[in-house]
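A.B. asks: Sequence:
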Amino acid sequence: MPQRVLKYLVVIAAVQFGFVQMSQAQDSMDFGADETMDFGAEDAADAAAPVDAGPYQEFMDEGKKLYEAEKYDEASLMFYKVTSATDAAAEVVRPEAEYELGKALLRMELYQGALSYFGAIVDEGEMHPYYLPSLRGLILLTDAIPGDPSLMERLAQFASYFPENVPEKYRDQFAYLVGRYLYQEMNTDEALRLLTAVSPRSPYYARSRYIAAIANVSAYKAEPAIEEFKEALRYLQQKDDDGELSAKERELLETTTLGMARTFYSTGDYQTSLKYYSKIKRRSDKWPKALFESSWAFFQTDDYNKALGNLHSLNSPFFADAYFPEGPILSAVIYFYNCKYPRVRSVLSDFDYYYAPLKDEVQSVILQYEDPTEIFDWIRSLQKGEVDFDPQVYRILSAALSDAEVTRTFDLVDTIESETEKIGTMPEAWVSSELGSSLVQESELALSFARNNAGTLAGARLERVVRELEELIQQKDEIQFEVARAEQGVIQADIRAGMSVGGNVTASDRVQVSDEELYWTFDGEYWRDELGFYVFNMNSECSR
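With the first letter of the sequence shown counted as 1, position 57 gets the number 57 in full-length UniProt numbering; the numbers rise by one all the way through.
No lab work stands behind these hints: they were computed from the structure.
Hints may be right or wrong, so weigh each one.
Simulated DEER-style distance windows between Cβ atoms [unchecked claim]:
hint, residue 1, residue 2, range
1, D269, A219, 17 to 25 angstroms
2, N165, R250, 47 to 55 angstroms
3, F449, T86, 24 to 32 angstroms
4, D242, E470, 45 to 53 angstroms
5, A356, Y161, 48 to 56 angstroms
6, D377, R283, 33 to 41 angstroms
7, R250, P149, 23 to 31 angstroms
8, R234, D350, 42 to 50 angstroms
9, K248, Y161, 27 to 35 angstroms
10, E109, D350, 50 to 58 angstroms
11, E109, A429, 17 to 25 angstroms
Straight line, CA to CA, 25 angstroms or less: simulated SDA-like cross-link-like pairs of lysine to any residue [to be verified]:
hint, residue 1, residue 2
12, K281, N315
13, K384, Q368
14, K340, K384
15, K279, Y205
16, K422, N452
17, K65, S438
18, K422, D377
19, K71, K384
20, K306, P317
21, K65, Y131
22, K289, S278
23, K169, A156
24, K230, E251
25, K279, P317
26, K239, S266
27, K221, Q184
28, K384, A460
29, K340, W287
30, K306, Q368
31, K281, Y205
32, K230, S266
33, K239, E185
34, K359, L314
35, K286, D242
36, K230, D241
37, K248, G268
38, K289, D350
39, K289, E227
Heads up, the beta-carbon is just placed ideally off N, CA and C, and yes, glycines get one too.
Required output: the full structure, derived from the provided sequences and hints.
C.D. replies: Shown next as structure tokens:
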């Protein structure tokens, strides 16, 4: 096949498909983390040797009794008496009190408070006698506040202790969570060390293999990426064959299949890529994406008619919520290579009419809500249906804000808001205590940071949408320029080499159908059972 060198085909680079985003698309899945709060028997194994702690030892003893009696609010007040004391006697038991207070707050479902105390222990480092025991608390917190960046940063500090010093019960969960975090932080080697250590018996196994695959993709290592994808597929397919595949695991199976297709595409093995795209079922919500991405693979194999057929399917009312702005650009490129210049102009005119105003509207949102908290509040109102907005723009915004990373940041705000409300329902004596007052302040501060972080991330997603549309508009302009040159007979040799010269690009006068198919000419009305089966019968108008 002639080498594609037309510079506006930079859009093809986008079909490497953003594996960073793809990795985020499943991050919010819950694969059955252990929900029991087992802190283990070695909690105090490294505690300081007994020294006279005066009354503070009594506070500790009383706090532990209350904790065992599941009176966590009363226990927390006892531990706080130690942590807030300023005299030397309290120093003897302060490290233990900090740890026990973190445990009590975790039991009370005051997660930001628990993170504050466990986090302070971790920040102090190995010199703190409860440094390693605090790891359990951090792992348990990931079930409640998985989107908290401060939590994951603290948890990742224990990576060098894996596996020996990570409790066996939590090793797989730890390896998955920290491996995923380190991949996102672009520490690929350490991420792979952890992700590939997850046991096949773990509910995190397939997910870890999937992220290991895209970590290899990000490092431009296609062969190990394919092996990791294959292992994830083998594991998930076996569960499916045994009738044990959950809905979320099925979603992961489909995402992994897309990952295989994208990786083979990136290596230039387009036929194998198409094989994996075809495995996505019609009933899947990922089928429109598979149709679109496979259009690029058909284009690369000069099967223009199938590429256009897929794009035609995506234009149907059945995919009204789909967002593929690159589709018209690909159609225009196909028509260009077949010298159908009026069709190129028509397609690009429709693109300009539709997407240029949408880009301007998204840009206006960014300019109107420059403060992150303002854009957060606006998006919340939009999600609640309190903002009247163009449905087409809403579709773009929904697509931009639907990835798991954004979802986690917004969910974290909900969690902190719920925690603040929960504090208000505690006994009055606890709420009015120094501990209660300090946790209210910490919760309000955490909420402010979370809202700002969510708004910042959402704003960045919208800015990315604008940039992508600007790039597509620029590509549209460049295609129109090349069309004008071609109509004047000025075509560069490298571009001409990629053109389909003379005759029908299908090499036949009529679309070939099998014994199991019927041939129908499209009459302007879409039928659901025809989607994905449309094929063009296009004649090239290029001459030598």
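A.B. asks: State, for the Cβ atoms of K248 and Y161, whether the hinted interval 27 to 35 angstroms holds or is violated.
C.D. replies: holds, 30 angstroms
A.B. asks: Between the beta carbons of D377 and R283, is the distance compatible with 33 to 41 angstroms?
C.D. replies: holds, 37 angstroms
A.B. asks: Hint check: K230 vs S266, CA-CA at most 25 angstroms. Holds or violated?
C.D. replies: holds, 16 angstroms
A.B. asks: Do the alpha carbons of K169 and A156 lie within 25 angstroms of each other, as the hint requires?
C.D. replies: Roughly 18 angstroms separates the two Cα atoms, so the pair holds.
A.B. asks: Against the 25 angstroms threshold, does the CA-CA distance of K221 and Q184 hold or violate the hint?
C.D. replies: Judged against 25 angstroms, a Cα distance of about 17 angstroms means the pair holds.
A.B. asks: For the pair supplied as a hint, K281 and Y205, confirm whether the alpha-carbon distance does not exceed 25 angstroms.
C.D. replies: holds, 24 angstroms
A.B. asks: Verify the proposed pairing of K306 with P317, using a straight-line Cα cut of 25 angstroms.
C.D. replies: This hinted pair holds, its Cα atoms lying about 20 angstroms apart.
A.B. asks: Does the Cβ pair R234, D350 satisfy 42 to 50 angstroms?
C.D. replies: Holds: the Cβ-Cβ distance is about 44 angstroms, inside 42 to 50 angstroms.
A.B. asks: Quickly compare the C-alpha distance for K65 and Y131 to 25 angstroms and report which way the hint goes.
C.D. replies: holds, 23 angstroms
A.B. asks: Just to be careful, I want the Cα atoms of K306 and Q368 compared with a cutoff of 25 angstroms; is the pair within it?
C.D. replies: Measuring from Cα to Cα gives roughly 43 angstroms; hence the hint is violated.
A.B. asks: So does D269 sit 17 to 25 angstroms from A219, Cβ to Cβ?
C.D. replies: holds, 19 angstroms
A.B. asks: Does the Cβ distance between E109 and A429 fall inside 17 to 25 angstroms?
C.D. replies: This hint holds: roughly 19 angstroms between Cβ atoms.
The structure does not agree with the numbered hints 2, 14, 19, 26, 29, 30, 33 and 37 stated previously, though it agrees with the rest.
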